[in-house]
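If you're matching them up, the sequences are chains Z and C in order.
For the first sequence, position 362 (counting from the first letter as 1) is numbered 362 according to our numbering, and the numbering increases by one without interruption.
For the second sequence, position 268 (counting from the first letter as 1) is numbered 1268 according to our numbering, and the numbering increases by one without interruption.
Be aware that a few hints might be false.
Stated by the list, open to error - Derived Cβ-Cβ restraints for the label pairs, each shown as a range: (1) Z:S2 to C:Q1258: 34 to 44 Å; (2) Z:D546 to C:F1115: 48 to 58 Å; (3) Z:F381 to C:I1125: 37 to 47 Å; (4) Z:Q329 to C:P1047: 54 to 64 Å.
None of these hints come from the bench; they were simulated from the model.
Being a predicted model, the structure only gives us computed values, none of them experimental.
From the three backbone atoms N, C-alpha and C, an ideal C-beta is built for every residue, glycine too.
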Amino acid sequence: MSLRSLTNLMLGLIMIGILVFLYTKVQSLNVEDHYQITDTLRQHSSLNFRWNEDVLKTKLSLSSNYDGVTSPLVTLRSLQTKLTDKLSNLIVESAPLKASVDSYNKSIEEKNKLIEQFKGQNAIFDNSLRYISTAVDDLITEVEVQSANTTKSNPAFVALKNTAQTLLRELLEYNQVAQTDLAGSINKRLIAFENQKILYPDIISNKLDTVIRHASVILKRKPEIDALLATIVGLPIASSIENIENTYTAVYDGRLRDKDFYFTILIAYASGLLFLIALIGYRLRNSYRELNVVNKQLTVANETLEDRVVQRTKELSNAYNELKQSQAQLIQSEKMASLGQMVAGVAHEINTPLAYCHSNIDLVKEQLPEIIGLFKEFANFPSLLDAPTAEQQNLKEGIVTIQDAILTFEREGSFDEINLLLEGSLSGLDQISDMVKSLKDFSRLDQHKVENFDLNRGLDSVLVIANNVLKNKVEVIKEYGQLPKISYSPSQLNQVFLNLIVNASQAIENSGIIRLRTLADHHFVNVIVEDNGKGIPEDILPRIFDPFFTTKEIGKGTGLGLSIAYKIVQQHGGKITVHSEVNKGTQFTVSIPISQRMDLQNLEVAA
Amino acid sequence: MNKKEKVLCVDDEIQILISLRALLRSKYEILIATSGEEALEILRKEPSIRVLISDQRMPKMLGAELLREAKKVAPGTMRLLLTGYSDLQSIIDSINEGEVFRFINKPWNNQEIRFIVDLAVNVAIETEQAAGSMADESLTHPTQEESFDLVQGQLDQQETAASTIATSDHQPSKEATRTAGIMVVDDDEGVASTLMEILNNTVPVYKAKTINEAIDLLSNQQISVIISETLVDSEDATEFIKILKQNYPSIITIILTQYHSADTMISLINQGQIYRYSYKPIQKNQLSYYIRSALTRHGTNLRKPELLKRHQVEEIKDVKNPSLVGKLIGGLKSLRSKMGF
């Protein structure tokens, strides 16, 4: 996977991650929980209200029992559990909510404790309250029984009966509303009963005692119970609930705000993503459009391909023909270049002997009139011999003159010099004729293919041609072996050897050695051209036989020399190999098969 | 019998030496050497050698190198070079470093070679005294900055020389005391601007874009050195250079060209005695050095007018443009009278 697609994948994952995060943030607020919590809180509130009502009812003795006081506790417990459960997450986050819930729980516990207390107290009080009417009735009945037993009407008994009834009425009233003055009146009556007890027969006194005892309980307990109930009602449960509600609402509002905030971000982010998707979509559409266009073009191209292939093939074959032609031209120009090199070399080689031959002959020619003069003088002698004596003197003078002239010639070494000059000229002419012979050997323009040719002789002619390049610079060491005569095209193979030898001398910078070795094995005649020049760098060695490859400046070489050499050797059924070491030298080996079958047709092309 | 003057012939081909000796020995004492090293050895031992004839192509030391060394060892010896098939660079080297008197083409004409050697021997004898003063021209290239100072120094020298002439000469001229200028004959502006950069206003530079302009300038201004292209405004300038040298040998000529031909160079030496030959693109350091050395040579020539004989030229053969010759000679006559020659 490429780095780019990896980055794209990462980017996509990050974008989806952000989306998921924002969504979670928005979804984190559970509305159902919220409703349950508010509902629970409301239930709490109403339960508490009803409960207080029941407590008050109990207080006013409107209810027959105190179930109303205790029974809501069960419901309350379950509500409390539910609330605590629902709020548990929020409590962790919000300290004020925790405080309010804690204080609420504390209040509930408190209320519970107080209700237990109330239950205990109310049992005794209720018992006395229920029994007081019976006790008063028993007393009155007993008083009436006692009155019937006595004939005489006892006013004390009547008073007791009335007072007891009043007390009962007052007690019931007190139970309804615990007024202090009523309590004082009841207390006075009870004290009065206590004091009057001894005045009555025992049976009445006992009954009275019972009334007093229960009445005292009612009187004493009633305010206590009332206070307890007031305390219960007064417990700050409602406010606690309200507090919870408030703090919860604050927390919820906070969350709601957060949610709104994240929601906004989510919207923005989602819009961004949508835009991006839209952009990608747009680009995709464009790409599709382009693809469609290209597709159409391709279809068209496909349809016209056949025609174009035909056309191209035609063009290519034309180009190939042109290339072939220009290659032939290049080969021709390379041949001309090597020919030029050869001509220049030969011209210079011939120039020097020509110069001294010319000068020498000119010098001899200059002296010739003088020598001819001498001969003419001699020619006169026979006539002088026959002349009169007077003229004998002339003969003598003539002989002396000739003698002097000859002596002068001899003294000045002129005769020797003439000899030397003519000998020099002859050797110069020999040199020139050698050169011409080498030239002939080299090119063998008169013969296309030579049977039984000595390759060593061919190499010698190449050396003469190349002498201009080699002289003053390169020492040529010849190590010729016995070679069987082979048949080859001298003008072509000699061109190969000239190329190799000139290259070798160019590889030598100041002075060096070229070693020419020839040796034969069973199948091949090998010519090894070895120099101690600068060598061929390894990186260009594989390219040296490529056409147009040259290290020379533009215009200085065609880059065809070695490639043509390669081709020529190949056409002779031979091979050419190279070994080179930088700064040590280069060694070219040309191997020509002894019995070969030349591809004459190809040879024509190369030639 | 008078003692024969000495001529040294150098060639690795013994037959050439035999021929040359046969050719010249009746008039001169011929010494021979088959290598440059041997020739230098002889020159050191025999300072009275008048003429050195050397082949160009020899093993180890080329003719151009021998000429350069010979100029140091024996400045009075006239130097001739035998050339057959030579590359351009060796010809340029023998002009610039060897200060060759004549190139002799192989195969040569015996009469011509005798004539040249006679001339060279005579010049060498006549200038024997003065030639010593040319030896002090250093051949080492100075640095750029040095060369400016040197140019200035040579100018002072030149003026001193000019004033010496003014007092001693039979026809004193007011013009002679004025600083002579350098004329650039080239339709390429680059040469003149490079030259002005090099000279930095120490020497007047005159520009001639055609040969006619050059002739006009020559009649109106004092010119010590000419830097010329060989082809100016599609006109062959070599003839102008040759005629100028023939008629007014004291002007030093430097060729700065983009056209190279061995034949042109050889004829410019033989018939034009050009001082230096350089090719474009301009090498500023080299040009600066050539200018400096040309001004020195001009100064030396003013002090020792006999040295001008060392730059005698051949008759110009095959004049292609006779009207130019007439015009030139006309223009140069006024110049001559001005210069007091």
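Cross-check of the supplied hints:
{"no.": "1", "hint": "Z:S2 to C:Q1258: 34 to 44 Å", "in the structure": "violated, 57 Å"}
{"no.": "2", "hint": "Z:D546 to C:F1115: 48 to 58 Å", "in the structure": "holds, 56 Å"}
{"no.": "3", "hint": "Z:F381 to C:I1125: 37 to 47 Å", "in the structure": "holds, 45 Å"}
{"no.": "4", "hint": "Z:Q329 to C:P1047: 54 to 64 Å", "in the structure": "holds, 59 Å"}
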